[in-house]
Structures are given as C-alpha cells and as structure tokens.
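J.: One line per chain: the protein sequences are Y and W, in this order. Heads up: the first sequence begins at 210 in the working numbering, then just goes up one per residue. Heads up: the second sequence begins at 128 in the working numbering, then just goes up one per residue.
If you are wondering where the hints come from, they were derived from the structure by calculation, not from laboratory data. Note that beta-carbon positions come from the ideal geometry of N, C-alpha and C, so glycine has one too. Among the hints, erroneous ones may be present.
A short, non-exhaustive set of chain W residues, derived as facing chain Y with CB atoms under 10 Å [stated by the list, open to error]:
#	residue
1	L148
2	L167
3	Q176
4	M269
5	Q321
Chain Y stretches covered by chain W per the calculated footprint, using a threshold of three residues with CB under 8 Å from any CB of chain W [what the hints assert, rightly or not]:
#	stretch
6	492-498
7	504-510
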Amino acid sequence: MIHATLPNQQKDSGLKPVDNRSIDASVRLPVIILFGNAVHWLVIASLLSLIVSIKLIAPGFLGGISFLNYGRLAPMARDLMLYGWATQAAMAAGIWLMARLCGCPLGGDKGDGLGGMLLRTLIISATILWNLAVLLGTLAIFAGYSTGVEWLEYPHWASSMLLLSFLLIGIWSILLFDRRRTGRAEVAQWYLVAAFCCFPWIYGTANLLLVWKPIQASAQGPIQSWYCGSLLALWLLPVALASVYALLPRLLDCNPNRRHLATLGFWMLLLIGGWNGMDRLIGGPVPAWMTSAGVVAGVLFLIPVFIISINLLGMPRNETIVSSNFPVRFFLMGLYALVLVGVIGALDSLPDFSGVVRFTAFTEAKAQLWILGAVSLPLFGVLYEALPQLLGRECWCSTLSGRHYIITLVGLGMLIALMLLGGLFTGIALTDPTVSFLNITSYSYPFHLMECVAQLLLLIAALILGVNITRSLAGDYLLNKQTGK
Amino acid sequence: MNHDHHIHQHENGTEETNRPLSPWLVGAFMLSLCWGGFYLAFNSGGFRQDVYESNAVNWAGGGAQAAAPVDPKVVGKRLYTQNCVVCHQPTGMGVAGQFPPLVGSEYVLSQGNMGENHLVMLVLNGLQGHFMVKGQAYNNAMVPWKQLSDEQIADILTYIRSDWGNNAPAITPDFVTQIRKETAATTDSYTQEQLMAMPAIKPATVPGSSPVKK
Numbered sequence: 210m211i212h213a214t215l216p217n218q219q220k221d222s223g224l225k226p227v228d229n230r231s232i233d234a235s236v237r238l239p240v241i242i243l244f245g246n247a248v249h250w251l252v253i254a255s256l257l258s259l260i261v262s263i264k265l266i267a268p269g270f271l272g273g274i275s276f277l278n279y280g281r282l283a284p285m286a287r288d289l290m291l292y293g294w295a296t297q298a299a300m301a302a303g304i305w306l307m308a309r310l311c312g313c314p315l316g317g318d319k320g321d322g323l324g325g326m327l328l329r330t331l332i333i334s335a336t337i338l339w340n341l342a343v344l345l346g347t348l349a350i351f352a353g354y355s356t357g358v359e360w361l362e363y364p365h366w367a368s369s370m371l372l373l374s375f376l377l378i379g380i381w382s383i384l385l386f387d388r389r390r391t392g393r394a395e396v397a398q399w400y401l402v403a404a405f406c407c408f409p410w411i412y413g414t415a416n417l418l419l420v421w422k423p424i425q426a427s428a429q430g431p432i433q434s435w436y437c438g439s440l441l442a443l444w445l446l447p448v449a450l451a452s453v454y455a456l457l458p459r460l461l462d463c464n465p466n467r468r469h470l471a472t473l474g475f476w477m478l479l480l481i482g483g484w485n486g487m488d489r490l491i492g493g494p495v496p497a498w499m500t501s502a503g504v505v506a507g508v509l510f511l512i513p514v515f516i517i518s519i520n521l522l523g524m525p526r527n528e529t530i531v532s533s534n535f536p537v538r539f540f541l542m543g544l545y546a547l548v549l550v551g552v553i554g555a556l557d558s559l560p561d562f563s564g565v566v567r568f569t570a571f572t573e574a575k576a577q578l579w580i581l582g583a584v585s586l587p588l589f590g591v592l593y594e595a596l597p598q599l600l601g602r603e604c605w606c607s608t609l610s611g612r613h614y615i616i617t618l619v620g621l622g623m624l625i626a627l628m629l630l631g632g633l634f635t636g637i638a639l640t641d642p643t644v645s646f647l648n649i650t651s652y653s654y655p656f657h658l659m660e661c662v663a664q665l666l667l668l669i670a671a672l673i674l675g676v677n678i679t680r681s682l683a684g685d686y687l688l689n690k691q692t693g694k
Numbered sequence: 128m129n130h131d132h133h134i135h136q137h138e139n140g141t142e143e144t145n146r147p148l149s150p151w152l153v154g155a156f157m158l159s160l161c162w163g164g165f166y167l168a169f170n171s172g173g174f175r176q177d178v179y180e181s182n183a184v185n186w187a188g189g190g191a192q193a194a195a196p197v198d199p200k201v202v203g204k205r206l207y208t209q210n211c212v213v214c215h216q217p218t219g220m221g222v223a224g225q226f227p228p229l230v231g232s233e234y235v236l237s238q239g240n241m242g243e244n245h246l247v248m249l250v251l252n253g254l255q256g257h258f259m260v261k262g263q264a265y266n267n268a269m270v271p272w273k274q275l276s277d278e279q280i281a282d283i284l285t286y287i288r289s290d291w292g293n294n295a296p297a298i299t300p301d302f303v304t305q306i307r308k309e310t311a312a313t314t315d316s317y318t319q320e321q322l323m324a325m326p327a328i329k330p331a332t333v334p335g336s337s338p339v340k341k
C-alpha cells in the first residue's frame, strides 16, 4: 500500500493540532446530550421489548388496551432501539472520535467567539430536535399513526425532522475531517466519513420512496429490504468499527498493524454491505436477480467480517489490560458478535437453509445480534471511554460497570441462543406436514418463556447503565454545587 | 479503569507491518468470490426484470428465452368475450330465431358445402339476409369484423372451433391474411347465396381432427 510508505506528515494548513482538553470542551455538551438521551431511550426500548416478548407467551397480557397491543409496541421497541439508542449513540461516538482524531475542535477556528457559540447552539438544538422527533414519532406509533413500513414506522413529519437533525449534526463530522490538523487519515476516519455520508443517503432515499412519496407497491419490498440491510451494514456497523479501530489499539497500547488488510476490509464492507438484506425476499414477487444478489452478498459478507476481525482481533493483547478495562472488553465482545452475525447471515441467506428457518425467530436473531451485539457493544465501549474524558474525571462506578457488562453479555447470549435454537426447531417442524400448527406453537413456548428472562436481563443491564450514567452526570452537578458553595 | 491511553493525534510508531494474509484464507476468499459469480450466473434469470423464478432463464443455459408462446385458444376466448358474446352468448348457443348458434354449426366446422374460407370471409365482411344454420332459418345481419387483426380473427376462430364440444382444426393467421387479400375488393356484407357461389376450401384432413357433430 502506498500509505504505509508515506511519512506521517502534517496537513498543509499549517495549524497545529489542538490539545485534547480544548477539543473535549468544544464537543462536551452535544456529545453528553446525545449519549445521555441514547441511554435513556435504551432503557425504554428494553422495557418495551420485554413487554413484547411477554406477549408472545401470554397474548392476553395488556391486551385489552389498543395502545398496548403487539402491533404497536413491537415497532416502538425496535425503532427506539434503532433511532433512540443506536443511531444517537453512534452520532455521539462519531462526533467525539472525529474531533479527537482530526485534532480539531468543533466549530473549527471560530473558537470561543460569537461564531463558535452560534455553531454550538445550532448543534445542541439539532440534538434536541433529534430527541423530540424520536419522542413524537414513537408517540405517533403509540397512537396508531404508524406508516406500517418496517423500521420506518415514524410518520413523514417525524422522519423529516430526524433527517434534518442528522444533517445538522453529521455535517460536522465531514467538516472536521476536512479541517483535520493531523497527517494522513486513520482507518477509523475512513469508516466515520463513509458512515456519516451513508446515513442521509439511505434514510432519505428509503423515506422518500416509501413514506414521503410512496412508489408503486411492487418496488417497495426490495427498497425496504435494502434499507434494513444498509442501515445496519453501512451506517451503524461502520461507526461501531470506527470506534474499535480508533480506540482498541490505543487502549491495548499496540500499533494497529496491517493497514492493507484494513483497506481491503473497508472497501469490501462498503461494496457488499449495501446488497445485504435482499435475501429476505427469496420466493417473493421480485425479479430473480435481486434475491440472488442478496444471497451472494449474504455469503460474501463473511469476507469483510473475517478480514476486519483478523485485523482487529489479531493484535497482540495484554491480558491484564483486557481484564481491567471495560471498553476493551466491550470492543472484543462486539467483534465476536460481528463474526457470529456474519456466520448466521451467510447461513440464513442460503436458499436451502433459509427455506427451513424463514418466518421463524432465527432470522430475527440475526437482526437482534446485529443491533444489540455487533453495534451496541462497541458503542458501550466508546461511552465508557468517552465520558470520563469529557467530564475530566473518573465518573463510572466500576461495580455497576462490571454488572452491566456481565448481565448484558449473559442476557444477549441467552436471547440469541434461544432464538436460534427455537427458530431452528420451529422451522423444521413447520416443514413437516404431519406436525400440526398447534403443536409447533407449543414447541416454541419454552423458548419464548426463556426469551422473556433474557429480555428481563437486558432490561436490568440497561437500567444499571442508566443509573451509572445518571450518577456520573449528577455527580458533576453535585460537585459544581459543592465548589460553588 | 485505565485512562492513561487517551487518543493522541500523533502516534509514536506508525510503521505498520504488512504481513500478508495466510494463503489458505486468500484461497478461501477467492473460492467464495467464484462461487458468488457462478451462483449469480445460474440464478439471476439473465438479470431480466420480468423473470421472477430464478430457474426459468439463466445465462449459463441457452441464453434468455423468448416469452413462452401464447395459446391462441386462451387469447381467442378473451377476444370472443369482448366482441362476440353479445349475440352468440358465452355458451355459443346464440339466441333462438335471432342469432345462430356456433355449437355444431356447419359454418364454423366447415361441414357440408361450407369451407374454411367461407367462415373467414363472413367474419371479415359480415353476413346479411336470409340464411340457414343447422336447418333453422335466420334473417338478420352480422357486422363485418375487418377492424380486428388477422391474428385476432385467427385466434377467435380457433377458439370457437375448439370449445363447447366443437372440434375442428385451428385457423392460421396466414390463412386469414390470404383471404383478406383475396376479398379486399368486397364492400358489402355477403348473402348466403354469394358465399355458396364460391368454391369451398376444406381443411387438410388430419387424423383425429375430424369434426365431431354434436
């Protein structure tokens, strides 16, 4: 690779990189608002997911109230997980990492003057707008005004607000990158630039064609599948990977080696990622090449997944650092989750196999592992790493952090294992004409029952994180009060 | 937790080893890419927008096929429903005393003195006045159907010669074209006498296709 032979040169701007403290000061408020709200949505989404999974074993639970039926709670839970938690935390992680990696404070050279203040007001307003849109969109689903398009249930006004808010926040990652005061771009920066360019494209296109101005019905299925695959593979996953590429080598105190592998993994991910998801339509009313391309992409997605995990997991690790450092542990677990996502995804897209497990919990397990594992775990890592630096002090209660880590992993592992196994059993039973449908539902009952326990664990983990972060931020407030006295 | 390792803008050591991947892994990646290419070639339906079943067409086997040939009887039935049922009825039985039946009709099946050319002629140019069908007398007029294409007329005739127990060979579009050319000068509808004055063209006798009288 050409890059590897180049010296680490400073960009021509002649500006010296700013020290970490001033950078953190410039991004502190927006990043903390985003992270704090993301965690609070995570708690609510986990609570809703628990109710949804209880409804699978006790359909009558909260059944008499139209607001609380499955058809409204399930999309609310999923959308809060995607837009309230994952996308918001990804924006926070992306802005903080980009500012740090570029050695450039938010607002650039405007600094503390009027221009800088205006810019910061604008970005803080955008973070509030984002949360307002998530809240109103969720309430709209609650009240029955869902669009009915999977993962795009928010009404058109809410999705427009989300897109506007994202553009106001996301433009900064591009501007920061453009004004970077450091040398050649790091791998993490490629991923961030790509991700921040992809989200408006994906979200805007899907909303335009499915919600704002719906096109003919026959084309809506493929677009919706493309959206689901691309949102995960081209927006959430790249930000999660950027966090790992940026932080893991530094926390492990080793050089990120094999940049050529990183290059290959990056481009393969971008090339194949967007084609993921079409395999959901096998046998559906779409041209054959679309589903076949989805099948091929589903299997070939293993290539970037393997390259990236070899690249990142292959780094020499100091086990004492690993055992004492929660961000590192979250990053590593996120990478293992990604490998598993790749394997399950490849299996799930093979027509012979997917013919058995389609329409069972197996396919849903892939989406859950992707969102809660491959994306959320690295984002937890960034959160644990960023907050003390942004606040300028040790702020986490390590007992709570440890419980959060363990309970998250146990809950997630249990949930995914149950969904995979349950889905496989249900699928095999469904293909056997001698088994009645009532029998199949009774087979899947114990799996659904245990899934409720897993969801309860995830809710407890989210609550612990919520308490931990509230304690950290409130601690800041109390500290200020004390010093004020 | 350890916060000594903050993000620094300048890394001390930026040399990255470019140790190559294991050849086994590279081989596996290449194989999966090849598989992807073959899978697409065999299952893409030639990348056609109108092929929904991946096995129907593929690049590997004989190229993109033309659309499957349509059954003239199916098309003919649709055209019959659009144009003819008003008089001749969906049952092909006509209306007693007003519109003659097609079922077992010597005009349709080219029996007796009637030939296939007479059938095509009367459809193209119409029929008027007094005429006999299956021993019943009718006095009515059938409008000309020149506006339909040769293919459409052939499809309709093939259909009425094959449904309701009728069993006569198909009429080809070429035959209709030929008759249309021969009778291009005709302006008025025929009478039965005019039709009968012309020699009948009988269908080539194909074993098993002989008309069955009902």
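J.: Does L167/W meet its interface restraint, that is, does its C-beta lie within less than 10 Å of any C-beta in chain Y?
T.: Interface hint status for L167/W: holds (6 Å vs cutoff 10 Å).
J.: Using the nearest Cβ pair, does M269/W come within less than 10 Å of chain Y?
T.: violated, 43 Å
J.: Can you tell me if the stretch 504-510 of chain Y counts as covered by chain W, using C-beta to C-beta distances under 8 Å and a minimum of three residues?
T.: holds (count 4)
J.: At a Cβ distance under 8 Å, does chain W reach at least three residues of the stretch 492-498 of chain Y?
T.: holds (count 5)
J.: Answer holds if the nearest beta-carbon of chain Y is closer than 10 Å to that of Q176/W; otherwise answer violated.
T.: holds, 5 Å
J.: Go through the hint on Q321/W and say holds or violated, using the shortest Cβ distance to chain Y against 10 Å.
T.: violated, 54 Å
J.: Per the CB criterion, is L148/W less than 10 Å away from chain Y?
T.: Holds - the Cβ of L148/W comes within 10 Å of chain Y, reaching about 7 Å at its closest.
When held up to the earlier numbered hints, the structure conflicts with 4 and 5 and fits the remainder.
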